[in-house]
Amino acid sequence: MLIANGDNDIMVPTVNSHEMARRIPGAQLVIYKDAGHGGIFQYHGEFVFLHD
186 MLIANGDNDI
196 MVPTVNSHEM
206 ARRIPGAQLV
216 IYKDAGHGGI
226 FQYHGEFVFL
236 HD
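If you want the working numbering, it's the 1-based position in the sequence shown plus 185.
Capping the alpha-carbon separation at 20 angstroms, the derived lysine to aspartate or glutamate pairs in EDC-like fashion look like this:
| # | residue 1 | residue 2 |
| --- | --- | --- |
| 1 | LYS218 | GLU231 |
| 2 | LYS218 | ASP192 |
| 3 | LYS218 | GLU204 |
| 4 | LYS218 | ASP194 |
Calculated from the structure, these hints are not laboratory results.
Could you build the full structure based on these sequences and the hints that come with them?
And the structure:
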(Lines of atoms letter the chains of each structure in order from A and count residues from 1; the text may use other names and numbers.)
(Lines give C-alpha, C1' and ligand atoms only; values in the text may rest on other atoms or scores of the structure.)
Protein backbone atom coordinates (compact mmCIF):
# COMPACT_ATOMS: atom_id res chain seq x y z
CA MET A 1 0.00 0.00 0.00
CA LEU A 2 1.25 3.45 -0.90
CA ILE A 3 0.53 6.34 1.46
CA ALA A 4 1.31 9.74 -0.04
CA ASN A 5 1.03 13.14 1.60
CA GLY A 6 2.55 16.59 1.55
CA ASP A 7 4.73 17.81 4.39
CA ASN A 8 2.42 20.79 4.93
CA ASP A 9 -1.04 19.22 4.63
CA ILE A 10 -3.54 21.01 6.90
CA MET A 11 -6.52 18.82 5.91
CA VAL A 12 -4.82 15.51 6.74
CA PRO A 13 -1.90 16.30 9.03
CA THR A 14 1.32 14.65 7.90
CA VAL A 15 1.77 13.04 11.30
CA ASN A 16 -1.37 10.98 10.56
CA SER A 17 0.25 9.57 7.41
CA HIS A 18 3.29 8.52 9.41
CA GLU A 19 1.02 6.82 11.95
CA MET A 20 -1.00 5.04 9.25
CA ALA A 21 2.19 3.76 7.57
CA ARG A 22 3.44 2.52 10.93
CA ARG A 23 0.23 0.55 11.51
CA ILE A 24 -0.06 -1.05 8.05
CA PRO A 25 2.48 -3.82 7.47
CA GLY A 26 4.44 -3.30 4.25
CA ALA A 27 3.10 0.21 3.65
CA GLN A 28 5.27 2.58 1.63
CA LEU A 29 5.19 6.20 2.81
CA VAL A 30 6.01 9.10 0.50
CA ILE A 31 6.02 12.64 1.88
CA TYR A 32 6.33 15.39 -0.74
CA LYS A 33 8.41 18.40 0.32
CA ASP A 34 6.77 21.85 0.23
CA ALA A 35 3.41 20.29 -0.61
CA GLY A 36 -0.01 20.49 0.97
CA HIS A 37 -3.10 18.33 0.54
CA GLY A 38 -2.61 18.29 -3.24
CA GLY A 39 0.93 16.94 -3.10
CA ILE A 40 0.17 14.15 -5.56
CA PHE A 41 -0.89 16.79 -8.09
CA GLN A 42 2.08 19.06 -7.41
CA TYR A 43 4.40 16.06 -7.88
CA HIS A 44 2.30 14.14 -10.42
CA GLY A 45 5.32 12.92 -12.39
CA GLU A 46 6.91 11.30 -9.35
CA PHE A 47 3.56 9.98 -8.12
CA VAL A 48 2.70 8.32 -11.44
CA PHE A 49 6.18 6.77 -11.56
CA LEU A 50 5.49 5.06 -8.21
CA HIS A 51 2.44 3.35 -9.76
CA ASP A 52 4.09 2.06 -12.96
